[in-house]
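*Asks:* Sequence:
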Amino acid sequence: MVLEVIHRFDPWSDSWCTCPKKYSLNPYTGCAHRCVYCYITSYIPRAFECRPKRNLLERVERDIGKIEKGVHVSMSNSSDPYPPLEAELRLTRGCLELFQKNTIPVQIITKSDLVVRDVGILKNMRCVVSFTITTMNERVRRKLEPGAPPSEKRLQAMRELAELGIAVTLRLDPVFPVLNEGEV
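The C-terminal position of the sequence shown is numbered 210 in this note's numbering, with every residue numbered one higher than the one before it.
Keep in mind the hints are simulated off the structure, nothing from the lab.
The model shown is predicted, which means the values in this text are computed figures rather than measured ones.
Certain hints may be false.
[As the list claims (entries may be wrong)] Each computed DSS-like pair below joins lysine-lysine, with the alpha-carbon atoms no more than 30 angstroms apart:
#	residue 1	residue 2
1	K149	K47
2	K47	K95
3	K149	K127
4	K127	K47
5	K79	K48
6	K149	K79
7	K48	K179
8	K149	K92
Can you build the whole structure from these sequences, using the hints too?
*Replies:* Here it is as structure tokens:
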């Protein structure tokens with residue numbers, strides 16, 4: 027079974043991995059956050075140039091029928107699903123609407139507070155929103171994640187989602203000795 031834009035996510039291909047099965051979808055190629063520690067620079071050309079995937083919603087709709095029942099989709103494992111472009115293009119929102127309509131559970135991994143815009147969809151589907159925060163020191167954050175929203179905005183987004191009953195998690199990573207240790 028060939029999936030076009032939604033792919034099985036198994037980066038380790040190891041029988042010892044105990045992670046549940048999941049699929050991966052990146053609505054955009056590249057990421058506007060420009061984090062200095064980002065791993066995508068090793069395999070995505072023009073990694074910090076965020077580009078929408080062509081005909082994404084039509085391609086996602088075709089792939090949805092091939093998704094194994096009960097297996098969730100993780101958005102996004104390479105490129106944040108809420109880059110500044112998303113405010114205008116609404117591709118992530120369109121994908122969420124398709125997943126909600128087809129009762130597909132979703133995990134969103136983001137550094138953006140823009141996710142709050144989509145609470146109307148998220149509160150009516152099985153989902154979890156995982157926010158990455160590296161530091162609460164804004165001066166350090168601007169150097170490490172120059173294109174990402176301030177950490178305080180991410181915390182506020184977490185509060186808003188949690189108050190509405192949407193599951194949220196915090197990813198405290200990466201850890202840089204001296205730069206962000208002892209902050210929590």
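*Asks:* Under the constraints set out in the numbered hints, which ones does this structure not fulfil?
*Replies:* none
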